[in-house]
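Chains as they are written, first to last, in our numbering: chain A, 1 to 229; chain B, 1 to 242; chain C, 1 to 297.
For the record, the hints were derived by calculation from the structure and aren't laboratory data.
Keep in mind that a hint or two might mislead.
To be verified - Computed footprint of chain B on chain C, listed as stretches where at least three residues anywhere in the stretch have a Cβ under 8 Å from a Cβ of chain B: (1) 50 to 56; (2) 60 to 72; (3) 114 to 123.
Said to hold, decoys possible - In silico DSS-like links for lysine-lysine, alpha-carbon gap of 27 Å or less: (4) A:LYS24 / C:LYS54; (5) C:LYS125 / B:LYS236; (6) B:LYS18 / C:LYS61; (7) A:LYS70 / B:LYS138; (8) B:LYS175 / C:LYS282; (9) A:LYS178 / B:LYS138; (10) C:LYS173 / B:LYS175; (11) A:LYS62 / B:LYS138; (12) B:LYS87 / C:LYS282; (13) B:LYS22 / A:LYS35; (14) B:LYS10 / C:LYS131; (15) A:LYS100 / A:LYS70; (16) B:LYS15 / C:LYS30; (17) B:LYS10 / A:LYS24; (18) B:LYS181 / C:LYS282; (19) A:LYS24 / C:LYS61; (20) B:LYS18 / A:LYS35; (21) A:LYS24 / B:LYS175; (22) C:LYS97 / B:LYS22; (23) A:LYS35 / A:LYS99; (24) C:LYS257 / B:LYS18; (25) B:LYS175 / C:LYS54.
Note that the coordinates shown come from a computational prediction; the quantities given were computed from them, not determined experimentally.
For every residue, glycine included, the Cβ atom is placed at its ideal position computed from N, Cα and C.
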Amino acid sequence: MTTTFFLFFIPLLFIAAIVLLLGKLSKKIKIWTPKRIIIGITSYIVLGLIAFLYISFFSESKIPLLSFSKIKQLEIKLDQIQKYDQEDDSSYLTEEYKKKTWDLKYEGNTLPVVINEGDSGSSINFRVRYNDNIESGKALVTYYQFPVIVEGIDLSDEVPLPNVYVAQNQLFIEALSKQQINYYRINATLGILDMNREIEHKPYAMFYSNVIVIDIPRSTVLEDSQGLF
Amino acid sequence: MQSLTNISLKTIVIKQVKWKAKLYISALSSLVIVQIIFGILTFGSGSGSSGSGQGSLNVQFSNYSLDMILIISAIWAFIVALLFTTKAHRIDDLSVISSRTSSAIANIFVIIIYSFFAVIIMISTYYLQALGIALAEKNSLVIDNLFISPSILILCFSSICLFGAMGLLLGTIFKGPAVIKIFVSMFILLGLILIFMSPGSINLLPIIMLSNLMISVLYLFVAVLCFSLTIRIADKSEVSRK
Amino acid sequence: MNIIQCEELSKSFGRRHALQRVTCAIDAEKIIGIIGRNGAGKSTLLNIFAGYIKPTTGSCKVFNENPFNNIQTAANMIFIDDRLSFSDYLSLEDILKMGADFYPNWQNELAYRMLDYAGIDLTAKHQQLSKGQLATFNLVYGLVSRCALTILDEPMNGMDEVIRTDFYRAILKEYLAFPRTFLITSHHLQEMESILEEILLMDEGSVIAHAPLDEFKEQLISLSGPSDALADLLSETEVYAQKIMAGMTSAIIDASKLFVSEEILRAKGITVSSLNASEVCKYLTSKKGSDIDAIFD
Chain A
1 MTTTFFLFFI PLLFIAAIVL LLGKLSKKIK IWTPKRIIIG ITSYIVLGLI
51 AFLYISFFSE SKIPLLSFSK IKQLEIKLDQ IQKYDQEDDS SYLTEEYKKK
101 TWDLKYEGNT LPVVINEGDS GSSINFRVRY NDNIESGKAL VTYYQFPVIV
151 EGIDLSDEVP LPNVYVAQNQ LFIEALSKQQ INYYRINATL GILDMNREIE
201 HKPYAMFYSN VIVIDIPRST VLEDSQGLF
Chain B
1 MQSLTNISLK TIVIKQVKWK AKLYISALSS LVIVQIIFGI LTFGSGSGSS
51 GSGQGSLNVQ FSNYSLDMIL IISAIWAFIV ALLFTTKAHR IDDLSVISSR
101 TSSAIANIFV IIIYSFFAVI IMISTYYLQA LGIALAEKNS LVIDNLFISP
151 SILILCFSSI CLFGAMGLLL GTIFKGPAVI KIFVSMFILL GLILIFMSPG
201 SINLLPIIML SNLMISVLYL FVAVLCFSLT IRIADKSEVS RK
Chain C
1 MNIIQCEELS KSFGRRHALQ RVTCAIDAEK IIGIIGRNGA GKSTLLNIFA
51 GYIKPTTGSC KVFNENPFNN IQTAANMIFI DDRLSFSDYL SLEDILKMGA
101 DFYPNWQNEL AYRMLDYAGI DLTAKHQQLS KGQLATFNLV YGLVSRCALT
151 ILDEPMNGMD EVIRTDFYRA ILKEYLAFPR TFLITSHHLQ EMESILEEIL
201 LMDEGSVIAH APLDEFKEQL ISLSGPSDAL ADLLSETEVY AQKIMAGMTS
251 AIIDASKLFV SEEILRAKGI TVSSLNASEV CKYLTSKKGS DIDAIFD
């Protein structure tokens, strides 16, 4: 109720004040003859038209919006990923989603892992793969990034990469702090109507936990003090 | 005896509309100024913003839709229509050939004409604001929908018209016969009590779920109802110049 | 032919009775003065004629139609008083343009000439005019619109004497050029007398006299002479006012109730003199026995 009050009555009072004030002022200021007011209003309308033409011709959005069918495709893909993931089938970790690989070196046969997710709120799944093709003293850390779709925009590229490094013979994986992104969207419709009507329209947000796969030789023992694996 | 002049109501209404539309023009200029002020106030946030956190992303959307300027225009129409029925304007009407009926009908037409212009001014404000955003935030601009669909325009027009009609009706009621005044005051009071006692009792969702055109038709229907009531009450009203 | 016909017209505002059972008929093409004290109901009556307010009971017909909220009445009637107002955006010139647009018999050139004569600047705004100029402009507006029924409610209020005299002549000239019905109320009856054909006298919500000016004036006469000679005469008739001074009495009485011829009166040393309209009005409407002096005694 209070929100309705503020949304409706405050503007009401505000507009009433402005309209009354202008009414009084226009009587005092003699330059505002009807003719001049009409010219003023007409030029405002013309300005609006020019603005419209300018935007429609010269202002291209650099952020592509995904089409509805594209979103549907991605939805299916993400569903499949989830299915594979639940079955511990890592075949979904394809080249397509591979974002970055770190080639790291360490000494000895044990590698303690310290994961610091901080306040980033990121959710990364960790996998360990014993790989016979890797020499001892080496580890491959691969970061897989799945599509992140928020309100029809693909944000995959915006997700910050984690920091991965070896220090003091320990593997550190640190997620970067939260990334703030602002978008300004021009949608020439009535939001109140769309919000209530299009309940089953495009999903609001789609994403799937990103995965970090650590490939290490069989001889190495990964020490996991945080119990993440 | 000199022959009497015979002038039809229609002729007088047309003349009154012509003069009133010109003389009340400051109403439209106030709309422009109100919209510029609100346009600047909402420049950073638009009509509303939505945020969402996705993993390590915090995404904030500022949505620039027509909602805010439509609400402002509707409120403006209500206030302006109310002002049309005030003493100053009513007395001005007496200086030329007019009856309460002709003045009421003329006011209605002026409100309809002004609603039409209000929609155009609204569009102008919207695109001017959009242009500002497009220039200021070139890199994070998302264009969902640049063209306002005709059905939305009709809906805007009918909403503004409806609020104007309500303003005229309310203004006329409080200059009309005492019986109607008391009746309507009671009605409004009961309505307000109902809203404050149980806000959930009014459910607008079924209306919102209708198509744009259906909502417009519904709004215009209510507006016409208000207009005809305005004329009926004006018919019965005396001139009060106190 | 009557253009206004009222039957048993009453109007009350709450408990106050502004008009009580007024019955009158007003002929077309006459200049009629509506006279009365403050609060006599003149404005109420005029407002009913103009169709602005509805009578509580009784009927009123203007041009054979009910005037209330009637566009035909509005088209043939103009009501000029000091509350006439125009939009703030209009200069006097624009107002004349608007008048010409609405009133079919509008005389624009005449308006220009009259305003020029009165020295009123056409580029000024209506609400910027001084009180006298405002009244002058409103009167001009009422005259050049040439409506079959022109109602002027206190048209000369605030004007200086020269302009007043000029505009009484203007009303008369306009009347001759385009005969129509003028209803004029004014406190300056004496000045106005010369142009009036009829007088409608109102008091306390009713019409107490409605007659041509000459007849109206002859209603009352003034007698003066020795007190003893007059005493008998006065005891038989209604006395409107009486003054006794040093054995001489002067009294105002109803002429129709004086059945003694002038010769007999003269023989008794009584002189008969007529009154002017304004005096007649004063005596007809003054409350019997009321005297401002009494308050201070």
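Going down the list of hints, with the structure as the test:
By the rule of at least three residues with a Cβ nearer than 8 Å to a Cβ of chain B, the coverage given for the stretch 50 to 56 of chain C holds, with 4 such residues. Residues of the stretch 60 to 72 of chain C with a Cβ under 8 Å from some Cβ of chain B number 5, which satisfies the need for three, so the listed coverage holds. Against chain B, the stretch 114 to 123 of chain C contributes 0 residues with a C-beta closer than 8 Å to a partner C-beta. That does not satisfy the three-residue criterion, and the hint is violated. For the given pair, A:LYS24 sits about 34 Å from C:LYS54 by alpha-carbon distance, which is inconsistent with the 27 Å threshold.
For the hint linking C:LYS125 to B:LYS236, the alpha-carbon distance of about 33 Å lies beyond 27 Å, and the restraint is violated. About 31 Å separates the Cα atoms of B:LYS18 and C:LYS61, which puts this hinted pair outside 27 Å; it is violated. Proposed proximity of A:LYS70 and B:LYS138 is supported: the alpha carbons are some 25 Å apart, at most 27 Å. Simply put, B:LYS175 and C:LYS282 have alpha-carbon atoms about 38 Å apart, too far for the 27 Å limit, and the pair is violated.
A threshold of 27 Å between alpha carbons decides the hint, and for A:LYS178 with B:LYS138 the separation of about 23 Å falls inside it, so the pair holds. A threshold of 27 Å between alpha carbons decides the hint, and for C:LYS173 with B:LYS175 the separation of about 40 Å lies outside it, so the pair is violated. Taking the CA atoms of A:LYS62 and B:LYS138, the gap is near 8 Å; set against the 27 Å cutoff, the hint holds. Proposed proximity of B:LYS87 and C:LYS282 is contradicted: the alpha carbons are some 36 Å apart, above 27 Å.
A threshold of 27 Å between alpha carbons decides the hint, and for B:LYS22 with A:LYS35 the separation of about 8 Å falls inside it, so the pair holds. Under the criterion of a C-alpha separation no larger than 27 Å, the hint pairing B:LYS10 with C:LYS131 is inconsistent with the structure, at around 36 Å. Note on A:LYS100 and A:LYS70: the hinted pairing holds, with a Cα-Cα distance of about 25 Å set against a maximum of 27 Å. At roughly 31 Å between alpha-carbon atoms, B:LYS15 and C:LYS30 are farther apart than 27 Å, so this suggested pair is violated.
For the suggested pair B:LYS10 and A:LYS24, the alpha carbons sit about 32 Å apart, so the restraint of at most 27 Å is broken. For the given pair, B:LYS181 sits about 43 Å from C:LYS282 by alpha-carbon distance, which is inconsistent with the 27 Å threshold. Restraint check: the Cα-Cα separation between A:LYS24 and C:LYS61 comes to about 41 Å, which exceeds 27 Å; the hinted pair is violated. A threshold of 27 Å between alpha carbons decides the hint, and for B:LYS18 with A:LYS35 the separation of about 14 Å falls inside it, so the pair holds.
At most 27 Å may separate the alpha-carbon atoms for a hinted pair to count; A:LYS24 and B:LYS175 meet this at roughly 23 Å. Restraint check for C:LYS97 and B:LYS22: the C-alpha separation of about 14 Å stays at or below 27 Å, so the hint holds. Pair hint A:LYS35 plus A:LYS99 does not hold up; C-alpha atoms about 64 Å apart against a cutoff of 27 Å. A distance of roughly 61 Å separates the Cα atoms of C:LYS257 and B:LYS18; the hinted pair therefore is violated under the 27 Å criterion.
For the proposed pair B:LYS175 and C:LYS54, the alpha carbon gap of about 15 Å is at most 27 Å, so the pair holds.
Hint compliance for this structure: hints 3, 4, 5, 6, 8, 10, 12, 14, 16, 17, 18, 19, 23, 24 are broken, all remaining hints hold.
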